[in-house]
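> Residues per chain, in single letters:
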Amino acid sequence: MSFISKLKETLLCLKAGRVTLPYPMQAKPVPKRFRGRPIFDINKCIGCAGCANNCPAREILVEDPCQELRIIKYIGRRCTYCGRCADVCPEGAITMSQEYENGTNDIHDIGQDLRIFMGTCQRCGRCFKGVGPLDELMMKGYRFDDLKKDNWVYKSKAYLDTEPVVRDVEIELD
Amino acid sequence: MLRELCKKILPRSLWVYHANSGGCNGCDIEVLNVLTPYYDAERFGIKLVGSPRHADVMLCQGPASRTTARALKRAYDAMPAPKLVFAIGSCACGGGIWYDTYNIIGPVEKVIPVNYYIPGCPPRPEAILFGVAVALGLVDKKTAPVKFKQLELPIAEYHPEDLVEKDGMVVYSKMEHV
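One line per chain: the protein sequences are A and B, in this order. Count the first sequence with numbering that gives the first Met the number 0 and you get residues 0 to 173, in order. Count the second sequence with numbering that gives the first Met the number 0 and you get residues 0 to 177, in order.
Treat the hints with care, as some may be off.
Straight line, CA to CA, 20 Å or less: simulated SDA-like cross-link-like pairs of lysine to any residue [unchecked claim]:
1. Lys148/B x Lys14/A
2. Lys14/A x Phe33/A
3. Lys46/B x Pro21/A
4. Lys46/B x Leu34/B
5. Lys146/B x Ser96/A
6. Lys43/A x Val145/B
7. Lys109/B x Asp149/A
8. Lys146/B x Asp149/A
9. Lys141/B x Tyr22/A
10. Lys141/B x Gly167/B
11. Lys148/B x Leu146/A
12. Lys140/B x Asp108/A
13. Lys27/A x Val138/B
14. Lys141/B x Ile38/A
15. Lys46/B x Pro81/B
16. Lys141/B x Phe33/A
17. Lys146/B x Ile41/A
Now the stretches of chain A that chain B is said to cover, found in silico as 3 or more residues with beta-carbon under 8 Å [to be verified]:
18. 13-27
19. 77-87
20. 95-103
21. 107-117
For the record, the hints were derived by calculation from the structure and aren't laboratory data. Please read these numbers as outputs of a predicted model, since none were measured by experiment. Note that beta-carbon positions come from the ideal geometry of N, C-alpha and C, so glycine has one too.
The shape of chain B in the complex, shown without the other chains:
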C-alpha cells in the first residue's frame, strides 16, 4: 500500500510559495507546521521556495486587503504556468470575520483565481495535507452541498413552470393570496 502511494505521489512534487496578504498568522503557523518533521510534507516532495518564479503552487493565507492586493496580484503574475492557487483558512476562502471591515476588499479570489479551498480557522495541518491530496487527485473530497426541505409550498420558487408573462411583468399564475 505504501508502494502504491509512493508511485502516485513521487512523480508529482510541488514547489510551494507562501503568500500572506494581511492575515493574523494563525494559518501561517499551521502551514509551517506542515513543513516541519512532525507532519512532514517534504516526504511528498513539497518544498518551500523563496520566490514565486520558482513555484508551482501559491498558498494564500489571509484576506486581500487594500494595501496588499497589488502585491498579491504581482506575485501571482510572476509565477510561471501551469500554476495552482490554494486558499488556506477562512480569511482567504471568504474574507473571514473581517469581510466587511475598513481595510479588507474581500477573499483572495477577488484578486486572483483560486483553484482549491481549505477552510478552517486555522485549518489543522492534517486538513491542509488532505486539501493538497485532493488537489493531487489522491483522495476524493468529503464535502458536498446539502439542501433540506420540510414542505413544498405553492410559491414561484418551487414551481417555475407556472410563471407567465403578463403586461410586461412575470407573474406567478397560481397565487391565490399574497
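If we strip away everything but chain A, and leave its shape as in the complex, we get:
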C-alpha cells in the first residue's frame, strides 16, 4: 500500500517539473554590477596607494624600498569584494571583474603584485625628498608595510623597527 502512495508522490513531483539549475554544465550568468575579484591594471596605476588606505580588511599592502620604486601587493585572503578600492582609485586602474570562481588549493594564487616606477608624480609628491625624517613622515608618499609577513605596520616610525607592531594572539589548544 505504501509503495503505491510513493509512486503517486513521484508522479506528482515529476509533473511539477525540475527546478535544479544545470550549473556545472551551463555557466550561470551573474547580475549586472556584480562584484567579483578585483583586477589591477599596471598601465593605469600611478602608485598613490589610495586603495591601500581605504581597504577595510587591510588587504592591500604598500612598501617603498627606494624613492623610485613602490610595491603594492594585493593579498586575496581576506578580501570581501566590497569594491571600495575600485571606487577610490583616481585612475580607474582597479576593476571589479565578474569572476566568482576562485576556489583553489593555494591561497597565494589570488595575490597580485605590482611594482610601480614612481616618477614625477603629481598626486603624491614623491618627486622630492624632505629635509629630515620628520618631514618625510608628513609627506604622503612613504609607507612601510611588512610584505613578507603580510602585515600592516601601524606605527609611523616603522623604518626604525624591524618587527611588526601587531602580534598574533597565542592560545593553547588541547
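Given chain A, put chain B in place with the hints provided.
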C-alpha cells in the same frame, strides 16, 4: 557528456560536516543553498551529516575565535582519516575584516590544516560547487598569482647576485647612492 561527468563524479561521493566557528552566518546560508534542490549538491553524492565521525570533509566557515578554537580542533581530530578541510568564505580563508579584533585568533588554518580555499563574502553557491569540483579534480582552477613590473631598478631585490658579505654584514655592492 553527462555520462562522462557521472562516471567521474559518482564513485567519489563526499559526506560533509559543516562547522561554523564564529562567523556571521552569511556563508552558512550559502552552504545551505548548495544543499537545497535549487543548486542541488546531492546529485553529486554530497550529503550533510550531523557528526564529524561520519564525515569525509569538514566545511569550515567563520574565523577561528578564542572561544571556538578548541571546539574546532576537537571536531577536526574526531574525523577519521582520509579527511579534507575546505575553508569557505573570506573569514575562514584569511580572517575576514575581523582579523585584528579582540576575539579572533585568525583564519581557520591557525588551528587546523586547510586543503582548499573558497574565498568570497559570501561565496556564491556556484563558487562553492566550483571549489568542490576543483577538489575532486573535475575542473582546473582558474586563478594564478600575478606579478607586474614596470621597471627594473638597480636595487638588491632584483639583483641578488650582487650581494656580498663585508665585515659580517650583507651589502649590495653596486649601490652608488642610498
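> Going through the earlier hints one by one, which of them does the structure break, listed in rising order?
1, 2 and 10
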